[in-house]
Amino acid sequence: MDLLPGTDAQVAEEILVAELAELGFESFYTENGTLSAFIPATTEIDTEHLHMLTAAWAADLRWTQHEQQNWNETWERSFEPVELGNEVYVYARFHERKPGFKHYIEITPKMSFGTGHHSTTRLVMQLLLETELKDRSVLDVGTGTGILVILAHQLGATEIAGTEIEPWALENAEENFSMNGLTRFTLFDAALKSDDYGVYDVVIANINRNIILHMKDVLLASLKPGGTLILSGFYQSDIPLLQETFRKLNVELQRSLTENDWCALLLTKHM
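Heads up: the sequence shown at position 20 corresponds to 1130 in this note's numbering, and the numbers run straight through without jumps.
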């Protein structure tokens, strides 16, 4: 499916990608002003919602059926390293390692989310940098490339776990963990096991607002009393709803960060 947004602004593109992801689209790339979004042919699409969405964005909609392949290959070829201040440098195997950073993360992105380019990934990374992680356990729900728990490991976390629903995403996370020296980690197939991942000092969920609300009980069951919950994948306007929802569950907001209207929250579960 090709979408031609009325604006080529990065912020508008990120919002549109997030809205399409909620409809089931799995991978995206932009070329010559065209945003291409891909969804498995077997996935049932809410076409009414899709047409409302494209109308709201003044976008032209085109459908094309393709053979299954890695639709992020074009994007991968143009993948640029990501720098987070002088703290973190994210790069692929074909990049030179730029000196002067405290943490280096090498990834092979394939079709998984989490390269450091998106605002939500950077915001969560910043919160991790501000959090004491030495000798702590960390669970990343919807780990994607695994970039967040790789950083947590480099910051001193000793027990690392992630969940993913797609087999290829699990394989990609495992590959990236191994490339970055993680020899002890746990990956859960969320398609088979979706409610009991153990308990952790820190739980990360960089997904989207609706899934976070749907999974709130699972997230909190996975978090130790006094533990840290880091949430992202939503907009600044979603903060009041999320803050109040978790406050009623005895989880208090401690810090929020925003970038391009995207937001990340750090909360604490009361003892």
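Any given hint could be a false lead.
[Said to hold, decoys possible] In silico PhoX-like links for lysine-lysine, alpha-carbon gap of 20 Å or less:
1) Lys1244 - Lys1303
2) Lys1244 - Lys1379
3) Lys1334 - Lys1358
4) Lys1326 - Lys1358
5) Lys1208 - Lys1244
6) Lys1244 - Lys1212
7) Lys1326 - Lys1379
8) Lys1379 - Lys1358
9) Lys1244 - Lys1334
Derived from the structure by calculation, the hints contain no laboratory data.
Query raised in the report: Okay, which hints does this one fail, numbers in order?
Result: Violated hints (numbers, rising): 1 and 5; every other hint is consistent with the structure.
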